[in-house]
Amino acid sequence: MYEVKLDAFQGPLDLLLHLIQRLEIDIYDIPMAELTAQYMEHVRAMQVLELEEASEYLVMAATLLAIKSRMLLPVHEGEMEESEFEVEEPDPREELVQKLVEYKKFKEAANELKKLEENAPENFTKPPSDLSPFMQDEQLTLFNPDVNVYDLLYAFQKMLRRKQLRKPLKTTVKKQDIPVREQMFKVVDVLKQRGGKSSFFELFPYEDKSTLIVTFLSLLELMKRQVVYVEQENNFEDLTVILQKEELLGELEDIDEQD
Amino acid sequence: MNSKILMSRIEALLFVVGDEGLTVKQLADLLDVGEVDIEAGLSELKTCYENNPASGLTIKQLADTYLLTTKPELANTIKKLVEHPNSQVLSTAALEVLAIIAYKQPITRAEIEDLRGVKSERPIQTLVSRGLIREVGRAEGTGRAILYGTTKEFLHYFGLSDLSELPPLPEEEFEAEQEQTDLFMTKFQEVFQNENAKRSG
Amino acid sequence: MNSKILMSRIEALLFVVGDEGLTVKQLADLLDVGEVDIEAGLSELKTCYENNPASGLTIKQLADTYLLTTKPELANTIKKLVEHPNSQVLSTAALEVLAIIAYKQPITRAEIEDLRGVKSERPIQTLVSRGLIREVGRAEGTGRAILYGTTKEFLHYFGLSDLSELPPLPEEEFEAEQEQTDLFMTKFQEVFQNENAKRSG
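Chains as they are written, first to last, in my numbering: chain A, 1 to 259; chain B, 1 to 201; chain C, 1 to 201.
Derived from the structure by calculation, the hints contain no laboratory data. Check the hints yourself; a few may be wrong.
[Unchecked claim] Which residues of chain C face chain A? A few of them, derived with a C-beta cut under 8 Å, are:
hint: 1; residue: Ile5
hint: 2; residue: Val17
hint: 3; residue: Glu20
hint: 4; residue: Val24
hint: 5; residue: Lys25
hint: 6; residue: Ala75
hint: 7; residue: Val82
hint: 8; residue: Thr92
hint: 9; residue: Leu98
hint: 10; residue: Gly117
hint: 11; residue: Ile146
hint: 12; residue: Leu147
hint: 13; residue: Lys152
Glycine included, every Cβ here is placed at the ideal spot set by N, Cα and C.
This is chain A alone, in the form it adopts within the complex (with noise of 0.2 Å):
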């Protein structure tokens, strides 16, 4: 069984990097039937979660196990071993391969990118000034004539951004945490209500994400402690959250609030 994360691949090509190093296999040598069985393996794990991508995971599937059929082809055997008669056959993994090293060019310099992202000089800038005092009634030039959408939608978008990152100045009462001793009360009021059964997400009515947070803590701590248990008839079914004990009392003594 393998443990296959959701999102945890960016698309065919980057799973079968993943596999090929994980395999310690030699990219240029690429054992076909190995890599292969492999790959179906994780795409049958994967295909459960629904990807968008489902349909680019199955094409490779497919040029996988072609180029897999091509290479069992019979070969003449001289071919193999002396290299002055290898002629125009080529090497059915050969197109693959140069994706793989293709792609895997841009990864590392994705990662690359991220670095500099992480390490990015801080320099602050300012919004431009307003120059309407400066400007004439009758001003008529408006845009420079290479305007385009991209320079609307980039506008708006400084606007936000704007507006966004003054927010800490104005807002400077902070928001008080629930704890998770009281939110677990809340929970298991919840549950009694409903009967002591309730859907998963019917538990997390809250908007904003601090209460979210909480609640789903004050969940884990409730199963900790088998005040309840949860139960998914199939993979990625909604979950139903039972109550198993009807009383708190003796099991919120030993709760680690992070104060």
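Assemble the complex: chain A is given as a structure, and chains B and C must be docked to it using the hints.
Structure of chains B and C alone, referenced to chain A:
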């Protein structure tokens, strides 16, 4: 804190906020020094600007807000920028207002000003007179404020056949939440599997 | 023009345009002096900022544009007021697409998708709306597909002043060839030694 360092910090803060400016109290809070020190720093900065002919900046006080601005004697230089046909900048305010209207129409002036954080009467006027935006209705409520929207001329100007051809706005909020949910689900599944393992074990 | 006055004018203009910045040519046109004088003025201004501990500003170059920014050592002060623009980091998908565009620009969506082996519409959209990439033209042919390229914002975001400052693209091909050559040499030496052994034997 060394007074020079304090000055550099005040200057940097006033610079990034631009036209909005900051009050002495805000500066004092941000820099964690007394208001007296901030006042001294501001006045020292201003003196430096005034005494330095190579500096184009000065500090202006509007009510209780201090802002960095260009020296009055440089007004003619700045005017050139506005008059210069190829300058990107002159478009900024109008372009921003136009962008807001394009993406948020129908929208009132008050809403636009709220989004931008500055008065926007002038750019709106200019855009109306250029035929890029127009009144498309009136808001409900006492004021019956004018609602603005874009015109056909707008589509023509930007080579669009339809508003739906505007590049879509980012879904960053959504993505960020999405990621959190994913993380959340991953964590949850981990715990869930552990629980299951315990049960079956 | 007196060089101090020129500096003050350059500073004032750069201040007013803010994150838009200005090129040497624009500055030269606006101030009606030669580009050489502008370059000298910019460099003199930068030196003054660097040497003055009471100054919070510096000059940064992005492609051919110059902008006024705060000094990097004041980042912590500014961050009390504003979030760092990079606080919302890019997803892996967006970084991959961005890397491809950065090194292969101008490039179409289809080419990007071919390289990555997956649909890439969403990350492209995110990058467009964050101002990191933009349409730079249309491909020849029936579809007239959009060609994407990186923006100045891209340079700013990654702290580059120029595309040439991008780290070189890893050259897998080269390494592979190297290895093949090595293998060849090893084989050759083996055979050679065998031959020698036979001869001497």
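Leucine 98 of chain C was flagged as interface toward chain A. Is the shortest Cβ-Cβ separation under 8 Å?
holds (6 Å)
Report holds or violated for the interface hint on valine 82 of chain C, using the least CB-CB distance to chain A and a cut-off of 8 Å.
holds (4 Å)
Once the shortest beta carbon distance from lysine 152 of chain C to chain A is found, is it less than 8 Å?
With a minimum Cβ separation of about 10 Å from chain A (threshold 8 Å), the hint on lysine 152 of chain C is violated.
Verify the interface restraint on isoleucine 146 of chain C: the C-beta must sit less than 8 Å from at least one C-beta of chain A.
Where the cut-off is 8 Å and the nearest Cβ of chain A is about 10 Å from isoleucine 146 of chain C, the hint is violated.
Is the interface hint for isoleucine 5 of chain C satisfied, with its Cβ closer than 8 Å to some Cβ of chain A?
Not OK, violated: isoleucine 5 of chain C not within 8 Å of chain A, min 19 Å.
Would you check whether lysine 25 of chain C satisfies its interface hint, that is, whether its CB is within less than 8 Å of any CB in chain A?
Cβ of lysine 25 of chain C sits 14 Å from chain A, so the hint is violated.
Close enough to count: is the Cβ of glycine 117 of chain C nearer than 8 Å to one in chain A?
holds (4 Å)
Does leucine 147 of chain C meet its interface restraint, that is, does its C-beta lie within less than 8 Å of any C-beta in chain A?
violated (13 Å)
Restraint: valine 17 of chain C near chain A, CB-CB cut 8 Å. Satisfied or not?
holds (5 Å)
For the hint on valine 24 of chain C, just tell me whether its beta-carbon gets within less than 8 Å of chain A.
Hint violated; valine 24 of chain C Cβ to chain A Cβ min 18 Å, cut 8 Å.
Is the interface hint satisfied for threonine 92 of chain C? The criterion is a beta-carbon contact with chain A at less than 8 Å.
Where the cut-off is 8 Å and the nearest Cβ of chain A is about 6 Å from threonine 92 of chain C, the hint holds.
Quick check on glutamate 20 of chain C please, does its C-beta sit within 8 Å of some C-beta on chain A?
With a minimum Cβ separation of about 5 Å from chain A (threshold 8 Å), the hint on glutamate 20 of chain C holds.
The structure is inconsistent with the numbered hints 1, 4, 5, 11, 12 and 13, although it conforms to all the rest.
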